[in-house]
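First to last, the sequence lines map onto chains A and B. Each residue of the first sequence is one higher than the one before, starting from 331 at the first, in my numbering. Each residue of the second sequence is one higher than the one before, starting from 17 at the first, in my numbering.
Keep in mind the hints are simulated off the structure, nothing from the lab. Cβ coordinates follow ideal geometry from the N, Cα and C atoms, glycine included. Some clues are possibly wrong.
[Stated by the list, open to error] Derived coverage of chain A by chain B (criterion: at least 3 residues anywhere in the stretch with Cβ under 8 Å from a Cβ of chain B; other residues may be distant):
1. 511-523
2. 676-689
3. 693-700
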Amino acid sequence: MSRKLLIEHAEVPGITSFETYRKHGGYASVEKALKTMSPEEVVEEVKKSGLRGRGGAGFPTGMKWSFLAKPEGVERHLVCNADESEPGTFKDRYLMEKLPHLLIEGMITSSYALGARRSYIYIRGEFMYVLRILEKAIAEAYANGMLGKNILGSGYDLDLVVTPGGGAYICGEETALLESLEGKRGNPRMKPPFPAVKGLWGNPTVVNNVESIAAVVPIVNEGGEAYAKIGIERSTGTKLISASGNLVRPGVYEIELGLSVEEFIYGDNYCRGVANGKKLKACIPGGSSVPILPHYLVTKTAAGTDRLMTYESLADGGFASGSMLGSGGFIVFDEDQCIVRNTWNFARFYAHESCGQCSPCREGTGWMEKVL
Amino acid sequence: MIKVTIDDVEIEVAPGTTILNAARQAGGDLVPPAMCYYSKLPGTGGKCRTCLVEVAAGSTADPRPMPKLVASCSTPVMDGMIVKNKTSERVHTNRGGVVEFLLVNHPLDCPICDQAGECHLQDLGYEHGSAKTRYREERRTFSPIDIGNKIKLHMNRCILCYRCVAVANQLTDSRVHGVMHRGEHAEISTYIENAIDNDFSGNMIDVCPVGALTDKTFRFKSRVWFLKPYEAECACNKCSGKAVVWMFGNEIFRVTARKDKYGEVETIEDKTAWICNDCRFDKKDPSNWTLIGPRKIDRHSVISQGKYATKNDNNPKLLR
Ligand SMILES: Cc1cc2nc3c(=O)[nH]c(=O)nc-3n(C[C@H](O)[C@H](O)[C@H](O)COP(=O)(O)O)c2cc1C
Ligand code: SF4
Ligand code: FES
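One chain only, chain A, in its complex shape:
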């Protein structure tokens, strides 16, 4: 059974309250970072941890943080991407709903590392009830001196704001998210300049996924090196996987990266196999935007080696015979499912959600839907 660094306490009664969360070791990373570490040291730990962005692209978080421009006298921001709209992905919602204080704790520690004094959580518009949970938790954090002026007597001030989006998939793309946060139409911006140089309100900004920010908590508590020991190669630490489709036990799982796909689908501690004794037909391992794998490429790569739940192994074979870990939206199809119908369903989604700026996507997704 994998170690759980993030959702260990998710089912503890009352864990959404500050008091219970604190009793279970919550906010230790804030104490440790603000009282005993410099911001640079926190960044260094995150670099050592090898943590890669959990929003889909897998870009090393420590490296992203070190790219943040730090001009004198200019405000910086941390923005948490809680827009989670990729079909098949629902781990951020689970994390925020069950452990709102974990995200807030991660936001404080990460904002401290980046020198941000005003940070934002941009949450998907459809998650209104989660927004309420977060708002309540933020108010508790303020009341207990974890947010606001002079946090824990360290002299560090931080304000945290949570804002709902209008419910558009494209607003999960980081620059579209920033546009939307500024109150504009959520169209992606031209890059360069990258958000690290010119982001929210033109200030240097880091955008990170909910899970990436939450992972900073165990990294600071246990040290980057300890975190990096979990996993294989450049896939370190644990990852939340949203398992859905024809499985005996779908749901959100925290796995150690490096677990075999075979074990994840069929293992007793995980999904326990395909539902109703059916055969596996195909699997989309990382959310609707990654390539689909036919059954013979799910547990083995084209070269015949075991397929593992890592960034590298799932991508083995490229677009020809591989896929991607993406955001961890693991969708399983049994032998009765129609792949054409499913592809049409996704095509319809992308046609509906295309922002319409670039011609290949605007015209192409619409055409795809009509052809299917």
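Once you have looked at the hints, place chain B with the ligands on chain A.
Quick look at chain B with the ligands alone, frame taken from chain A:
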């Protein structure tokens, strides 16, 4: 200055220059086509993807090729970068794909479109398009609407380049002209179909690469290739008064700004020579203007007659 090689031509440009602008500095036929980028309008580019090029080497420091084709209008050059445009088979195929996408919803109503003969999509279609369409599904359709009493919008023809939005952004403080809806349903519109009440709104017509925004004082009056363009000047207290008047005999049929070979309004005396609505729509009497001389048009398809006939003879592959 940094060195960049485009289609085997080496040039030196200032750091921060985009690949497209570097190519324009080199000039000639290695310049990628641009349907949305407009050098005089901040914020344009990166949308149509017609300017895609292949980067065979990223820079001297990191000579790896870029895996995907990049939009040349929004990718800055690096020292030692090697770019392929017309020498790249991939660019040729993909640009054909982009043209196909742009034509998915664009009506082939050139015979009744005022833009025919000076339409960038027409040019692009000739150069990179296919003679047949593979699209059999339904097209999105809109009825033409008025944007004020002088401008007509044919949304069916719009390729959503956002250039007119960039013009409008300069003219008004709050956004009254922009894009509504998303994806395939996106459409250009003005706030409750209002006119943009501004003396320079007519410039949207000049930046529109296709026949989506047209001049109501000229609509259906003549094909552009029957008209003779003259460089002309008038005393105007709103704009520079430097324009092109399009004449048939002694009659002025329309007035436009002076545009360069990329279809962009020229810079005259360090200023972009946008013209005002008075000059564009109201001064149709030859006595308003001092004619300077005939205007040479060196790019546009049907105006520079016969260009494509010979081109296709030499390259039969172009008409598939
Ligand atoms: C169309 C599109 C949708 C995206 N949606 C999300 C999303 O819902 N949540 C998310 O965290 N990242 C999303 N991303 C990725 C973000 O742009 C960005 O890479 C990510 O938030 C960075 O955080 P990370 O480095 O912590 O992963 C999306 C990207 C694209 C292109
Ligand atoms: S109306 Fe013309 S200028 Fe405006 S977006 Fe459409 S094609 Fe571009
Ligand atoms: S000109 Fe570069 S994308 Fe349109």
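Here's how the hints hold up against the structure:
Under the rule that three or more residues need a Cβ within less than 8 Å of chain B, the assignment of the stretch 511-523 of chain A holds, with 4 such residues. Beta-carbon proximity to chain B at under 8 Å applies to 9 residues in the stretch 676-689 of chain A; the threshold of 3 is reached and the given coverage holds. With 6 residues carrying a beta carbon less than 8 Å from a beta carbon of chain B, the stretch 693-700 of chain A meets the three-residue requirement, and the given coverage holds.
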